[in-house]
Structures are given as C-alpha cells and as structure tokens.
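Student: Quick note, the sequence shown lines up with residues 26 to 155 if you use the working numbering.
Keep in mind that the hints were calculated from the coordinates and are not lab data.
It is possible that part of the hints are untrue.
What the hints assert, rightly or not - With a Cα cut of at most 20 Å, we get these calculated SDA-like pairs of lysine to any residue:
1) Lys85 with Phe48
2) Lys85 with Ile153
3) Lys85 with Asp132
4) Lys85 with Tyr57
5) Lys85 with Asp49
6) Lys85 with Gly46
7) Lys85 with Tyr101
8) Lys85 with Ser54
9) Lys85 with Glu147
10) Lys85 with Gly41
11) Lys85 with Ile44
12) Lys85 with His103
13) Lys85 with Asp45
14) Lys85 with Ala74
15) Lys85 with Ile108
16) Lys85 with Glu59
17) Lys85 with Asn139
18) Lys85 with Ile36
19) Lys85 with Ala37
20) Lys85 with Val64
21) Lys85 with Ala119
22) Lys85 with Ala98
23) Lys85 with Gly112
24) Lys85 with Ala58
25) Lys85 with Ala130
26) Lys85 with Val140
As the list claims (entries may be wrong) - Pairwise CB distance ranges (calculated):
27) Ala72 with Ala106: 34 to 44 Å
28) Met26 with His138: 13 to 23 Å
29) Pro154 with Pro89: 17 to 27 Å
30) Val115 with His138: 31 to 41 Å
31) Gly88 with Trp62: 18 to 28 Å
32) Glu70 with Asp45: 12 to 22 Å
33) Glu69 with Asp96: 15 to 25 Å
34) Asp96 with Ala74: 35 to 45 Å
35) Asp49 with His103: 36 to 46 Å
36) Asp96 with Trp62: 20 to 30 Å
Just so you know, even glycine gets a beta-carbon here, dropped at the ideal spot from N, CA and C.
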Amino acid sequence: MRAVLDTNVVIAGDFGDFIDGDFDVAVTSLTYAELAWGVSAAPEEVARAVRGAALQRAQKILGPGLPFDDDAAASYGHITALIHARGRDVRPRAIDLMIAAIAHANDAAVVTHNVRDFAGLEGLVEVIPA
C-alpha cells in the first residue's frame, strides 16, 4: 500500500516501522516546507541546528517530496468540496488538506498522529493512525 506521511509523523521520527513494513512510503514537499519553517522558527541556535539536522535526516531517508502539482490541485478541489458539504471549514486545515490532496492524486493513504485533522475525508482518502 502506498502511504504519505503527515508532517507530525516525520517530526516524531517514528516512521521507521512504515518504511520497513508493508507500505510504499512517501512524503510531500509541503511537509518539507513545514519542517523548514520549523527550523527557521526555532528560538535558539542550538534548536535550529537540531531541527535542521532532523530535516536533513528525513530528506535523506524519505527522498524528494511529492509535489502539489496539477493533479493534486484537482484533488484539492474535490476534497474541499467534500469538506464544505460536510459543514467543515477548510482554512484552518488547508495544509493538511493539501497533503491529503497529494495523497489522493497519488493513490495513497495518509499516515498521521492527528486523525481529526483529516476528518470528513471518509470515502475519498484513507487515513491511517500512526
């Protein structure tokens, strides 16, 4: 099964089981963007160095991120329509929903520690608790 790791799974660093398991694991360029923001937002130099090293480690292990391309943009339209139809707001979850759109466009599930971030996508994107 193909699976896209949510940013919180990469931050936790506990993705080894998914790599070694029955999953074809990928990460998105949006996750790398969120992690890069986390590096720059660290309040101290040591924390920036630790976060930067963790980002480099993830990139080395997980490889290039899947992009938010035209196929993902089309999937995002389907996802946001579904979220609106179910009475939920898209804005607070925009990046999570973009990650879900990338997964959808690549026939993949999303692996996350925060299943609630992906609530409302039932029937469109499989969400797997990490």
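Student: So, for every hint listed, does it hold in this structure?
Tutor: Each hint, compared with the structure:
1. Distance check on the hinted pair: lysine 85 and phenylalanine 48 sit about 18 Å apart at the alpha-carbon level, within 20 Å; holds.
2. Straight-line distance between C-alpha atoms of lysine 85 and isoleucine 153 comes to about 24 Å, which puts the hinted pair past the 20 Å bound.
3. Taken as a hint, the lysine 85 and aspartate 132 pair is broken in the structure, with Cα atoms around 23 Å apart against an allowance of 20 Å.
4. For the suggested pair lysine 85 and tyrosine 57, the alpha carbons sit about 12 Å apart, so the restraint of at most 20 Å is met.
5. Simply put, lysine 85 and aspartate 49 have alpha-carbon atoms about 16 Å apart, close enough for the 20 Å limit, and the pair holds.
6. A distance of roughly 19 Å separates the Cα atoms of lysine 85 and glycine 46; the hinted pair therefore holds under the 20 Å criterion.
7. The hinted pair formed by lysine 85 and tyrosine 101 fails the criterion: a straight-line CA distance of about 28 Å is larger than 20 Å.
8. Simply put, lysine 85 and serine 54 have alpha-carbon atoms about 14 Å apart, close enough for the 20 Å limit, and the pair holds.
9. Between the alpha carbons of lysine 85 and glutamate 147 the distance comes to roughly 32 Å, so the proposed pair goes past 20 Å and is violated.
10. A threshold of 20 Å between alpha carbons decides the hint, and for lysine 85 with glycine 41 the separation of about 13 Å falls inside it, so the pair holds.
11. Among the hinted pairs, lysine 85 with isoleucine 44 is consistent with the structure: their alpha-carbon atoms are about 13 Å apart, no more than 20 Å.
12. As the CA atoms of lysine 85 and histidine 103 are separated by approximately 32 Å, the hinted pair breaks the 20 Å bound.
13. In summary, the hint linking lysine 85 to aspartate 45 is supported, as the alpha carbons are separated by about 16 Å, within the 20 Å threshold.
14. Under the criterion of a C-alpha separation no larger than 20 Å, the hint pairing lysine 85 with alanine 74 is consistent with the structure, at around 16 Å.
15. With a CA separation close to 34 Å, the supplied pair lysine 85 and isoleucine 108 exceeds the 20 Å bound.
16. In summary, the hint linking lysine 85 to glutamate 59 is supported, as the alpha carbons are separated by about 17 Å, within the 20 Å threshold.
17. The hinted pair formed by lysine 85 and asparagine 139 fails the criterion: a straight-line CA distance of about 25 Å is larger than 20 Å.
18. Restraint check for lysine 85 and isoleucine 36: satisfied, since their Cα atoms lie roughly 14 Å apart, inside the 20 Å limit.
19. Between lysine 85 and alanine 37 the CA atoms are separated by roughly 16 Å; this keeps the pair inside 20 Å, and the hint holds.
20. Using a Cα cut-off of 20 Å, the hinted pair lysine 85 and valine 64 holds, with the two alpha carbons roughly 17 Å apart.
21. Our distance criterion of 20 Å between C-alpha atoms is broken by lysine 85 and alanine 119, whose separation comes to about 27 Å.
22. Our distance criterion of 20 Å between C-alpha atoms is broken by lysine 85 and alanine 98, whose separation comes to about 27 Å.
23. The straight-line distance between the Cα atoms of lysine 85 and glycine 112 is roughly 40 Å, outside the 20 Å bound, and the hint therefore fails.
24. Restraint check: the Cα-Cα separation between lysine 85 and alanine 58 comes to about 15 Å, which is no more than 20 Å; the hinted pair holds.
25. Under the criterion of a C-alpha separation no larger than 20 Å, the hint pairing lysine 85 with alanine 130 is inconsistent with the structure, at around 24 Å.
26. For the suggested pair lysine 85 and valine 140, the alpha carbons sit about 26 Å apart, so the restraint of at most 20 Å is broken.
27. Between alanine 72 and alanine 106 the Cβ separation comes to about 40 Å, which falls inside the hinted range of 34 to 44 Å.
28. Restraint check, methionine 26 to histidine 138: a C-beta distance of roughly 18 Å satisfies the suggested window 13 to 23 Å.
29. For the pair proline 154 and proline 89, the beta carbons lie near 26 Å from each other, so the given range of 17 to 27 Å is met.
30. Take valine 115 and histidine 138: their Cβ atoms lie about 21 Å apart, and the range 31 to 41 Å is violated.
31. At about 20 Å, the CB distance of glycine 88 to tryptophan 62 agrees with the hint of 18 to 28 Å.
32. Evaluation of the 12 to 22 Å hint for glutamate 70 and aspartate 45 yields a failure: the beta carbon distance comes to about 34 Å.
33. Between glutamate 69 and aspartate 96 the beta carbons are some 40 Å apart, a value that contradicts the proposed interval 15 to 25 Å.
34. For aspartate 96 paired with alanine 74, a C-beta distance near 36 Å keeps the hint of 35 to 45 Å intact.
35. Range check, aspartate 49 to histidine 103: about 23 Å between beta-carbon atoms, so the 36 to 46 Å window is missed.
36. Distance hint check for aspartate 96 and tryptophan 62: the Cβ-Cβ separation is about 25 Å, which falls inside the suggested range of 20 to 30 Å.
Of the numbered hints listed earlier, those contradicted by the structure are 2, 3, 7, 9, 12, 15, 17, 21, 22, 23, 25, 26, 30, 32, 33, 35.
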